[in-house]
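Visitor: Could you build the full structure based on these sequences and the hints that come with them?
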Amino acid sequence: MNQDNFILKNSRLIVLAFILLGSLFTVIGALSANPTRMWQIYLVNFLLWTGIAQSGAVFSAALELTNATWGARMRQVAESMVFFLPFSLILLLLMIFGADYIFPWLSKVNISETKKIYLNLPFLFGRNFIGLTALTILSFAFVNRRRMADQKKNERPRSLAVVLLLAYVVVYTIISYDFIMSLSPHWYSTIMGMHFFTACFYTGIAMILFTAVFGRWRLFPENFMQDNDFHDLGKLVFGFAIFWMSLLWSQFLIIWYGNLPEETEFLQLRLFEEPWRTISWLVIVFGFITPLVILLNKRGKLNQWVAGSVASLILIGSFFHLFVLIVPSLMPHHFTFGLMEVFVTLGFLGLFVLAQDIRLRKIPIR
Amino acid sequence: MTETKQRIKAVFDNYERFVETLKKLAAENSLDIEIFSPMPVPEAERLFPQKPSRVRWFTFFGGILGVIIGFAFPVYTALQWPIITGGKPVVTIQVFVIIAFELLILFGAIFTLLGLLISARLPRQNLRNYDVRFSDNSFGVIILTDESHAAELQHLMQEADELIVDQVEVEKSIDR
Amino acid sequence: MDKENYFAPTLTADQVSDQVLLQSLKNPGKPFYLALALFGGMIIFGLYCLFTQIVKGLGVAGMNNPVAWGIYLVNFVFWVGIAHSGTLISAILFLFRSRWRTSINRIAEAMTVFAVIMAGIFPLIHVGRIWFAYWLFPYPNARMLWVNFRSPLNWDVFAVSTYMTVSALFFIVGMMPDMAVLRDRFQGIRGKIYGLFAMGWRGTHKQWHHYETAYLLFAALATPLVISVHSIVSWDFAMSILPGWHSTIFAPYFVAGAIFSGTAMVITILFPLRKIFKLENLITDKHFTRLAQMMLLTSLIVSYSYLTEFFIAWYGNNIYEQATFYNRAFGFYGPFFWLMIFCNSLLPLTIFFKKIRSNPKILFLISLLVNVGMWLERFVIIISSLAHDYNPYAWKNYTPTYIEWGVFIGTIGGFLMLFFLFVKFAPVVAISEVKGQIFHDVRGGEHD
Chain A
33 MNQDNFILKN
43 SRLIVLAFIL
53 LGSLFTVIGA
63 LSANPTRMWQ
73 IYLVNFLLWT
83 GIAQSGAVFS
93 AALELTNATW
103 GARMRQVAES
113 MVFFLPFSLI
123 LLLLMIFGAD
133 YIFPWLSKVN
143 ISETKKIYLN
153 LPFLFGRNFI
163 GLTALTILSF
173 AFVNRRRMAD
183 QKKNERPRSL
193 AVVLLLAYVV
203 VYTIISYDFI
213 MSLSPHWYST
223 IMGMHFFTAC
233 FYTGIAMILF
243 TAVFGRWRLF
253 PENFMQDNDF
263 HDLGKLVFGF
273 AIFWMSLLWS
283 QFLIIWYGNL
293 PEETEFLQLR
303 LFEEPWRTIS
313 WLVIVFGFIT
323 PLVILLNKRG
333 KLNQWVAGSV
343 ASLILIGSFF
353 HLFVLIVPSL
363 MPHHFTFGLM
373 EVFVTLGFLG
383 LFVLAQDIRL
393 RKIPIR
Chain B
279 MTETKQRIKA
289 VFDNYERFVE
299 TLKKLAAENS
309 LDIEIFSPMP
319 VPEAERLFPQ
329 KPSRVRWFTF
339 FGGILGVIIG
349 FAFPVYTALQ
359 WPIITGGKPV
369 VTIQVFVIIA
379 FELLILFGAI
389 FTLLGLLISA
399 RLPRQNLRNY
409 DVRFSDNSFG
419 VIILTDESHA
429 AELQHLMQEA
439 DELIVDQVEV
449 EKSIDR
Chain C
15 MDKENYFAPT
25 LTADQVSDQV
35 LLQSLKNPGK
45 PFYLALALFG
55 GMIIFGLYCL
65 FTQIVKGLGV
75 AGMNNPVAWG
85 IYLVNFVFWV
95 GIAHSGTLIS
105 AILFLFRSRW
115 RTSINRIAEA
125 MTVFAVIMAG
135 IFPLIHVGRI
145 WFAYWLFPYP
155 NARMLWVNFR
165 SPLNWDVFAV
175 STYMTVSALF
185 FIVGMMPDMA
195 VLRDRFQGIR
205 GKIYGLFAMG
215 WRGTHKQWHH
225 YETAYLLFAA
235 LATPLVISVH
245 SIVSWDFAMS
255 ILPGWHSTIF
265 APYFVAGAIF
275 SGTAMVITIL
285 FPLRKIFKLE
295 NLITDKHFTR
305 LAQMMLLTSL
315 IVSYSYLTEF
325 FIAWYGNNIY
335 EQATFYNRAF
345 GFYGPFFWLM
355 IFCNSLLPLT
365 IFFKKIRSNP
375 KILFLISLLV
385 NVGMWLERFV
395 IIISSLAHDY
405 NPYAWKNYTP
415 TYIEWGVFIG
425 TIGGFLMLFF
435 LFVKFAPVVA
445 ISEVKGQIFH
455 DVRGGEHD
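Protein sequences, first through last, are from chains A, B and C. Positions 33 to 398 (this note's numbering) are the ones given, in order, by the first sequence. Positions 279 to 454 (this note's numbering) are the ones given, in order, by the second sequence. Positions 15 to 462 (this note's numbering) are the ones given, in order, by the third sequence.
A portion of the hints provided could be inaccurate.
To be verified - Rough simulated footprint, nothing fancy, chain B against chain C, three-plus residues with beta-carbon under 8 Å:
| no. | stretch |
| --- | --- |
| 1 | 161-170 |
| 2 | 179-185 |
| 3 | 220-229 |
| 4 | 237-245 |
Because the hints were derived from the structure by calculation, they are not lab data. Don't be surprised by glycine CBs; every beta carbon is placed ideally from N, CA and C.
Guide: Right under this line is the structure:
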């Protein structure tokens with residue numbers, strides 16, 4: 033396999049343009065009259081891409097612990113996404129500039145003194161930065177040790193995998209509380225952490241499937257992924273679609289049935305008021321119904337174009353999933369989706385692809 | 279309407295020889311063959327490919343039936359006595375999803391069982407061509423053939439530990 | 015698929031049949047009958063307590079005004095929980111192609127079926143007039159009144175009876191080829207009965223073809239069912255607005271807890287069983303290690319849920335939630351809470367050490383304590399929340415009476431009795447699957 037086979041051969045300029053335009057719009061948005069609009073989409077993207085990148089390592093660690101040999105090829109695809117993580121640390125720190133617009137409890141909404149022990153700026157960024165840094169280090173260490181173990185028949189990094197998974201669960205739970213739950217300062221839901229890290233992992237495997245299908249021409253050697261790989265991956269996506277929905281459903285049903293005012297405001301806005309209602313349905317159709325119907329069939333899993341399209345719909349669904357979790361908390365009655373949202377998203381996409389490209393240059397998939 | 283056929287029954291104690299013989303037999307066209315084994319044999323599946331089992335259609339339609347009943351029945355009964363309790367609407371689809379899901383599984387499973395019994399022709403009294411060794415550690419191949427092919431097939435199966443050939447009267451186009 | 019061999023390396027196909035047929039089906043001797051007599055005694059005591067309650071009324075149980083759900087429902091959740099890992103080991107591990115399920119899946123499935131039966135008894139006892147149990151089911155009665163489908167308790171009726179049916183079907187269909195083995199080995203009436211369960215199985219490649227498809231479909235149906243059933247059980251609590259019950263994490267929390275307790279019960283049962291019937295060739299230490307790892311995983315999820323609940327109670331700034339959770343840890347039932355934390359969260363952490371997870375004896379001890387811990391978990395959740403709800407005027411503690419304990423002991427006896435009879439009369443190990451794996455290993459797994 034030669035150097036020409038990397039992602040960016042012809043499209044490096046496009047990617048760089050995405051990044052530049054994204055940064056431009058980020059700066060413009062941050063300095064504009066309504067910075068919240070930019071920061072909310074920034075946060076959505078931050079969580080989306082960090083989650084995807086992290087689940088690459090988590091996927092590989094989970095395979096390691098279950099002794100699964102069926103994922104040997106796709107875990108390389110998964111691991112190539114990890115390189116975005118250092119970038120995401122910087123992106124996290126940039127959010128300090130937007131903290132006033134992101135966190136209503138800083139100035140706009142009054143919260144109790146006890147809550148301020150947990151919800152205050154230094155502690156929030158401190159714990160998230162430390163958590164994400166630890167996860168980044170663990171992920172890199174794991175991925176490298178894993179590769180070494182494959183090449184030189186070293187000992188398998190199983191304990192590292194355990195630590196990585198535990199850290200993932202803890203840190204992503206905290207992230208979900210801090211960056212999603214606290215945006216509606218009076219709302220709480222115990223399942224939020226589990227819901228969020230499952231959603232991230234689900235998005236991650238959808239991304240692996242997407243990359244596996246549409247990265248074929250340039251990314252992989254000939255006939256790299258085989259039919260049974262796609263079959264397994266399809267089944268995994270199918271299973272997680274159901275699992276993710278079951279978590280979403282238990283959250284919805286309990287809040288809907290209990291009908292307590294402090295809990296229902298969150299759902300009321302998202303499920304019963306336009307335009308959020310439409311977006312929520314879009315999320316369910318893209319993230320659950322489509323994979324459920326199409327991937328139920330073996331042919332749906334094996335036909336790569338179909339599977340890849342489903343994966344891209346899931347990715348769009350995941351984007352709007354985070355969108356509908358975050359944005360209504362910040363701007364409940366203004367729905368905007370324009371150039372700003374598109375370009376900030378493309379900026380993040382560009383950065384993600386660039387990171388993956390750097391990694392693939394160093395360590396090609398074989 | 280019956281005709282006379284040769285029935286060749288081969289019993290194998292050794293798995294390797296059994297598989298080897300299967301490979302040889304797979305080259306023959308349109309064999310009327312039954313392969314007996316105490317556990318599923320992947321080679322038999324591969325060498326004598328069969329259509330995907332019909333059982334999955336039973337499951338599928340059972341599941342759909344379950345979902346329909348699971349929604350229709352609660353809606354019907356709720357409308358029989360339309361009283362609001364707990365501030366919830368009379369027809370609460372959110373809740374009936376749960377009933378529908380459970381019945382999807384229930385009917386799916388019952389229909390799967392039916393599908394299995396119908397497709398595998400069970401339960402049955404008559405253990406045709408069966409030999410108790412087939413549930414132990416022996417493997418069997420039983421072929422019904424015309425007289426003209428019998429010798430040739432016997433030759434293919436000569437590695438068997440036991441080879442029995444006899445004449446049987448079979449109904450034409452016997453349904454297996 | 016992992017390629018590890020989970021059986022003793024010397025195990026041959028002949029031994030499988032012999033071991034299963036001769037070891038577990040032959041006359042097991044005196045200890046067996048003594049054990050049966052003991053279980054019979056427990057059942058009789060349970061029945062006595064039950065009849066006392068039927069004759070004298072629910073007042074003989076310790077339930078009082080705020081605590082209307084006593085240990086009858088604790089036991090219900092406990093047994094349903096036990097039932098869960100059976101299907102998990104069988105179905106989910108089958109879908110994941112985990113080879114270690116073979117040779118223990120049958121025992122786990124049997125456990126599922128028997129535990130669901132025991133679980134199903136409790137709500138009926140709990141509601142009092144047990145002879146009206148059929149009122150639970152929707153049928154066109156004289157006044158055309160139907161059951162209320164909006165009630166979580168009615169979801170339970172559907173969930174538990176579906177679960178009972180499907181796990182029994184899965185169990186019976188899974189046994190079909192093995193029953194044919196027994197049919198061919200036994201004469202007389204016993205052989206006839208086995209023949210009934212074998213349903214005329216002949217083991218032709220066409221039958222295997224349909225059988226394998228059906229088995230896969232059963233597994234695919236059972237997997238979401240397991241998750242849904244215990245979610246629904248958890249919703250019996252979570253749909254209310256009682257602090258300590260009304261929590262969105264309840265479904266995954268209960269599902270993980272169920273699998274946790276079920277896995278512990280599998281270990282508890284496997285360890286003596288292996289010894290008594292000398293199944294060391296089939297059930298090796300590796301099986302125990304895998305089970306222990308599963309126990310550890312679910313223990314971690316359960317601990318995560320404990321922490322989350324406490325954290326959110328604090329973070330949510332809701333005084334009722336805070337009071338409930340404070341009371342849970344430091345109130346009247348506090349000791350049970352801490353014992354639960356020890357058994358469910360701390361003790362299983364020792365499984366991280368290889369020495370411990372490869373030692374079945376220690377695992378057996380841990381599993382016993384986990385069983386206790388998981389029973390306590392349900393006790394803590396149900397009782398401590400009810401005894402201490404919104405209105406201080408209504409607070410009242412609850413202690414179970416001997417009647418309630420007696421019924422519980424009776425179901426333990428019933429569960430073990432059914433299990434012992436199963437071991438005596440049915441193939442405890444999935445013979446065909448074990449053989450499949452042995453022959454597969456001989457070939458070196460060329461078709462992976």
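Visitor: Could you run down the list of hints and mark each one as holding or not?
Guide: So, going through the hints one by one against the coordinates:
For the stretch 161-170 of chain C, the assignment as covered by chain B holds, since 5 residues bring a beta-carbon within under 8 Å of that chain's beta-carbons and 3 suffice. With a cut-off of 8 Å between beta carbons, the stretch 179-185 of chain C has 4 residues touching chain B; three or more are needed, and the interface restraint holds. With 9 residues carrying a beta carbon less than 8 Å from a beta carbon of chain B, the stretch 220-229 of chain C meets the three-residue requirement, and the given coverage holds. Coverage of the stretch 237-245 of chain C by chain B holds in this model, with 3 residues showing a Cβ closer than 8 Å to a Cβ of that chain against a need of three.
In summary, this structure violates none of the numbered hints.
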